[in-house]
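Enquirer: Here is how the chains run, residue by residue.
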Amino acid sequence: MNIFIICMVVFTGFACREVYKPTIISSPDSYLVIEGVLNAGTGPTSIRLTRTFKLDDTARLKGELNAQVLVEGKDNTTRQLTMSTDGFYNSPGLNLALNQEYRLRIKTTNGKEYLSDYVAARKTPAIDSLGFRQDDKGVQVYVNTHDDSGNTRYYLWDYDETWEIRTYYYSNYKYVNGQVIPRGPGDDVSTCWKYSSSSNILLGSSASLQSDIIYRAPLTFIGNGSEKVAVRYSILLRQYALDKSGYEFYEMMKKNTESLGTIFDAQPSEIKGNIHCTSDPGELVIGYISAVVVEEKRFFISSGELHRWNFSQDCPKYDIPNNTDSIQAAYSGGLSIFAQFFPPAGAMRYDVAPISCVECTARGGSLLRPAYW
Amino acid sequence: MKIFLFTIFLFILFAVSANAQDKKDNLISGSFENLSLVEFFQKLESQTTFFFYYNEAHLDSTRVNITAQNEPLQTVLEKVFRNTNLLFSIDSENKVYITKGLKVVTTLPAGFFQPAGDIKPAYSVKDSIIDYGLESRKKGVVTSESKLYEIGTKTNTLKGNAIITGTIRNATTGEPLINTSVFINNNYSTITNAYGNYSLTVPAGKHTLNILGIGMKDTKLQLAVYSDGKLDIDIREQVTTLKEVIVSSRKLININRVQMGIERLSIDNIRRIPSVFGEADVLRVITSLPGVKTVGEASTGFNVRGGSADQNLILFNDATIYNPSHFFGMFSAFNPEVIKDLELYKSSIPARFGGRLASVLDINSREGNKKKITGSAGIGLITSRVHLEGPISKDKTSFIFGGRSTYANWLMGLLPAEYENSKASFQDVNLGISHRIDSTNNLYFSGYFSNDRFALNSDTTYAYSNRNLTIKWTRSFNNRLNAAFIVGFDQYKYKVFRESDKETAFTLRFGITQLHAKMDFVYYLNQKHSLDFGASSIRYKLEPGAYEPLDKNSLITPDIVETEQALESGAYLTHRYSPNNKLSISSGVRFSLFNYLGPQEVNYYAPGLPVTSANVIDTKEYEKGKFIQNYYGPEYRFSIRYAFTTSFSIKTAYNTQRQYIHMLSNTTAIAPTDIWKLSDPNIKPQQGDQLSFGLYKNFKSNTIETSVEVYYKRIKDYLDYKPGAKLLLNHTIETDVINTKGKAYGVELLIKKPGGKVNGWISYTYSRIFLQTNAQDPDIQVNRGEFYPANYDKPHDVTLAGNFRVNHRFSVSLNSTYSTGRPITLPIGRYYYAGSERVLYSDRNAHRIPDYIRTDFSLNIDGNHKVNQKTHNSWTIGVYNMLGRKNPYSVYFTSQNGLVNGYKLSIFGNMLPFVNFNIRF
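Those sequence lines, one after another, are chains A and B.
Start counting the first sequence at 2; every next residue gets the next number (the numbering used here).
Start counting the second sequence at 13; every next residue gets the next number (the numbering used here).
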């Protein structure tokens with residue numbers, strides 16, 4: 002209801018907004034956050050443990066280290082997850098028995114113990130297909146799936162994206178230790194790959210439909226002119242079957258945090274997961290554990306499949322004299338040499354352009370070609 | 013006139029005259045200096061055998077100054093009455109009849125009496141009633157204090173009680189005066205009802221009748237009461253002369269009234285409170301009363317004693333107003349020029365009202381001036397208003413018309429270019445017609461129309477409107493029985509639409525239409541007992557939402573939620589019993605019945621399981637007019653008062669209420685897109701009860717009123733919403749609401765000085781309201797099923813509303829208020845999940861926004877006070893939020909550059925000066 006705020010502005014010319022820092026919220030407890038899905042199949046499982054942090058804290062996210070993370074089955078089996086990096090606890094393959102019930106037990110270094118409810122290991126229906134639709138605003142990527150048995154109903158997705166980028170100019174030279182030297186065959190910086198992951202909670206439900214079919218559930222929207230599909234784009238989608246309370250957990254989190262408040266927004270509400278602190282039952286724990294066989298599918302979109310994709314780069318070209326000072330000034334000014342230039346009269350000069358038009362790494366790309374490319 | 017004179021004639025005929033004088037000379041001699049006529053007649057009676065019959069009321073202030081020397085009475089009286097309109101007749105038995113206008117014929121025509129010695133009286137006197145009121149009005153005479161008014165049939169013996177009934181009107185405008193005190197010797201008192209009618213039981217005999225009305229001249233009448241009779245009284249407005257201070261000290265309504273928790277304000281009180289744009293604002297004044305809270309400036313929804321905004325029944329001339337505000341509450345929807353007064357019932361809700369849990373706000377407009385055309389106009393910075401009233405047929409029919417409009421679009425021009433295409437406007441129109449059929453029948457028509465429309469730099473337009481019509485007929489069947497019959501039509505609609513882009517052109521409509529009929533009777537059995545009874549019925553038709561394409565090329569898929577129908581009926585009986593002056597008891601019962609009607613498709617859910625789409629066990633299709641679900645039950649209204657002295661009383665009251673229509677809004681204020689929902693098989697009616705107790709004490713000859721009221725309230729089946737509920741266009745709304753129960757309690761302290769040079773009130777309220785969800789599904793319990801404060805729980809509230817009349821042309825008003833900030837759910841931390849930083853929220857309503865403090869100030873400057881001038885002008889100049897405090901309306905948090913920042917948004921972050929010019933003609 003932005004109109005409301007505007008209305009106030011209109012009516013008074015005085016409505017005003019001020020920074021607000023209530024003292025009460027600057028020192029909350031730090032609560033354990035558990036994220037991840039137990040992969041019941043043969044694939045790897047990764048559970049991430051983090052902590053909530055203060056609103057006005059500028060510190061980066063920190064993982065919860067050296068906790069003991071166990072998957073306990075009702076069949077008295079236990080499987081341990083081992084910490085790899087900052088708060089990630091992994092297992093190469095849990096191989097849970099389908100329909101058997103499992104729970105997660107976590108012991109943190111501060112002596113607290115956390116236990117999830119038992120969840121049944123379930124199958125996830127396979128992803129039928131991914132596709133896209135282009136309109137005048139961009140490209141919408143979607144997924145289709147279904148479950149003939151009608152038992153799944155609730156779906157969660159996340160994805161990894163990869164896309165290829167190309168520079169505007171091909172670079173023949175590089176600048177190393179104050180020297181301009183030609184690039185060799187292994188030195189190509191015109192083609193890179195960029196990576197990203199989903200940052201929204203993607204949910205789908207067929208609960209209101211007669212059959213358990215998800216048709217064209219939107220995954221991501223690539224706005225017109227984006228570099229993502231300027232050359233080629235790939236998305237690896239993972240699909241998880243959810244139970245209803247899991248769906249509600251994620252939906253609540255989505256509502257609470259992906260549409261933050263204006264005057265007439267609905268009230269945010271607390272999030273109830275299925276993990277509890279056994280040593281302090283009043284302590285808030287954020288997270289919902291489910292155990293499913295994860296399904297995944299990779300999908301590509303090439304720029305040739307699109308109907309005119311207006312990705313444009315602003316790449317003016319200049320030429321500079323071949324002397325140390327000019328070259329150094331160019332590089333410190335964010336330019337990069339990509340070719341020699343021979344004017345009709347005079348000495349050789351260098352063609353330069355903004356570094357992002359010359360070196361794809363300057364655009365945040367990685368030169369390493371992914372295996373699936 | 014004829015009947016009247018004839019009655020006098022009969023009185024005279026049957027009067028017993030103590031006619032045992034000695035034989036005296038019937039010629040008159042002597043000097044009579046500066047005698048009143050009565051004294052003169054008495055003197056003559058002692059000197060002669062003449063006996064005078066006269067009506068004291070007819071004898072003006074004529075003074076007698078004559079000297080007579082053995083003159084016959086005929087000659088003397090001719091001299092005395094020369095310059096008056098008094099006439100006299102002398103009969104054969106030396107009886108003298110003094111009359112006015114018509115001369116008494118002392119001999120009957122031949123053959124008048126039947127022959128054969130029949131001695132029956134020619135006419136029965138049984139039914140004769142003296143109606144002075146009508147009489148005086150016809151002659152354009154205002155009742156006089158020095159005259160004696162005889163009520164009923166004159167008899168020898170005075171015994172038992174008599175009921176005096178009548179109407180009290182403004183002598184200038186002919187408008188009935190309500191809430192006017194009518195009392196005799198402080199022992200027998202009553203107040204006039206909404207139609208200016210009163211009924212007073214007094215012992216037969218001579219009395220002094222006092223009439224006190226706000227702004228009216230205190231009036232005293234001498235009465236001789238014989239039996240039941242009617243006395244209509246016209247009283248004059250108080251035209252205060254300069255430098256005179258009138259303190260009306262006998263207002264004991266707060267002490268004597270049996271009901272408690274009632275606030276009554278006249279438009280004069282309302283005008284004294286400074287408001288945002290200088291225009292008297294009915295609803296803003298309401299929120300300065302003890303026990304009434306508002307969540308913020310931008311809302312006219314108000315909360316009474318822990319009730320939600322939809323638990324208030326807002327009646328404007330008996331019509332239900334669903335959205336009482338313009339522009340999200342920046343203005344109230346009521347034109348101050350046509351409003352007479354308002355009453356807010358917080359605790360003892362009379363049994364004639366029903367259908368809402370928390371309060372009834374009864375707003376009345378004035379009746380038009382029955383004597384001459386008058387009007388007024390006001391000009392403010394954003395709105396202008398005009399009103400006109402006058403007779404259609406003199407003394408019988410009058411009209412009052414009021415209109416308001418805004419010209420806010422100029423303001424838009426001052427805004428940054430991004431808002432240049434914004435438009436905003438509102439209008440409202442009132443029309444009232446009152447018609448006096450005869451002395452016992454009156455007819456009233458009231459029409460109200462309001463319209464709001466705005467588009468804020470987007471091609472989406474928001475519009476809403478109220479439309480109301482009522483026709484009311486009031487009738488006095490006899491001295492004891494009065495009745496009012498009301499029929500009406502109410503409608504509230506809103507619409508959101510976009511028409512610019514053909515493909516996305518849509519309209520979203522919501523509407524509620526009701527037809528209602530009501531009859532109310534008041535029966536005065538005697539001074540001790542009276543009864544109110546009646547019945548009412550409302551037929552609802554509710555369109556919960558229709559989303560439709562506006563163009564045939566539009567890609568919008570229509571989505572229409574099925575229309576709902578229902579019938580809400582009620583019948584009530586209230587018995588008021590006052591065994592003596594100290595004790596008064598009012599006990600009432602209202603029986604309400606609600607029928608949810610077809611056509612409708614209804615889902616039934618498995619009992620004991622959460623109400624979700626998964627648990628639907630049956631879906632039934634009902635035909636038109638079919639009774640789908642009935643809810644009914646009694647509501648009790650009981651109050652008792654005991655007055656220890658004339659200035660100290662205690663009262664207690666217990667009330668139960670049922671509410672069948674619910675507003676669905678998960679925001680705290682009334683928003684134009686809030687929808688209403690009728691109770692249906694899955695949504696039970698809300699029920700509430702309240703127990704309250706109060707102490708009332710007046711000080712300093714009743715010029716200062718104080719009161720303490722405490723209350724405890726329970727609410728059942730209130731609707732709260734599941735987190736993230738979708739309310740608009742929801743076909744199964746029952747799956748998104750949670751049954752909630754509530755408890756509210758509080759103390760209200762009030763010190764009020766209603767009149768005088770310095771007047772106003774100070775109030776302090778402590779009040780709490782807690783809710784508790786009782787959903788079957790533990791996952792959707794709010795705060796784990798514990799009690800949590802409602803959005804509008806503001807424990808402490810102090811309000812000062814003061815007015816200082818420097819002189820008659822200049823007064824200063826100050827309004828100051830403090831209240832605890834309302835509860836909100838705050839983010840208490842951040843975390844990463846699913847690839848994004850997210851915000852962690854506290855328990856629902858676990859924190860509060862900062863306290864609210866505001867002071868407003870206004871100067872009211874009147875033009876000169878000469879009574880006879882063509883126009884009266886006045887200016888109102890003031891400052892809203894004088895301290896310039898940035899009172900937060902809302903607090904919100906947004907994620908910017910990886911940090912979550914909190915902001916508070918104030919509606920008025922600065923001083924807001926205003927000026928208003930008013931003209932009366």
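Calculated from the structure, these hints are not laboratory results.
In this text, all values refer to a predicted model and were calculated from it rather than measured experimentally.
It is possible that part of the hints are untrue.
Computed cross-link-like contacts, DSS-like style, restricted to lysine-lysine with a CA-CA straight-line distance of at most 27 Å [stated by the list, open to error]:
(1) A:K256 / B:K753
(2) B:K232 / B:K112
(3) A:K138 / B:K564
Beyond 10 Å from chain B on every Cβ pair, some chain A residues (computed) [claimed, not checked]:
(4) N201
(5) A208
(6) K245
(7) A331
Listed next, the stretches of chain A that the computed footprint assigns to chain B, with coverage defined by at least 3 CB atoms under 8 Å from CB atoms of chain B [to be verified]:
(8) 31 to 37
(9) 41 to 55
(10) 187 to 200
Virtual Cβ for every residue (Gly too), placed ideally from N, Cα, C.
Enquirer: For each hint, tell me whether it holds in the structure or not.
Expert: How the hints compare with the structure:
{"no.": "1", "hint": "A:K256 / B:K753", "verdict": "26 Å, holds"}
{"no.": "2", "hint": "B:K232 / B:K112", "verdict": "23 Å, holds"}
{"no.": "3", "hint": "A:K138 / B:K564", "verdict": "24 Å, holds"}
{"no.": "4", "hint": "N201", "verdict": "7 Å, violated"}
{"no.": "5", "hint": "A208", "verdict": "7 Å, violated"}
{"no.": "6", "hint": "K245", "verdict": "8 Å, violated"}
{"no.": "7", "hint": "A331", "verdict": "31 Å, holds"}
{"no.": "8", "hint": "31 to 37", "verdict": "holds (count 4)"}
{"no.": "9", "hint": "41 to 55", "verdict": "holds (count 5)"}
{"no.": "10", "hint": "187 to 200", "verdict": "holds (count 3)"}
Checked against the numbered hints listed earlier, the structure breaks hints 4, 5 and 6; every other hint is satisfied.
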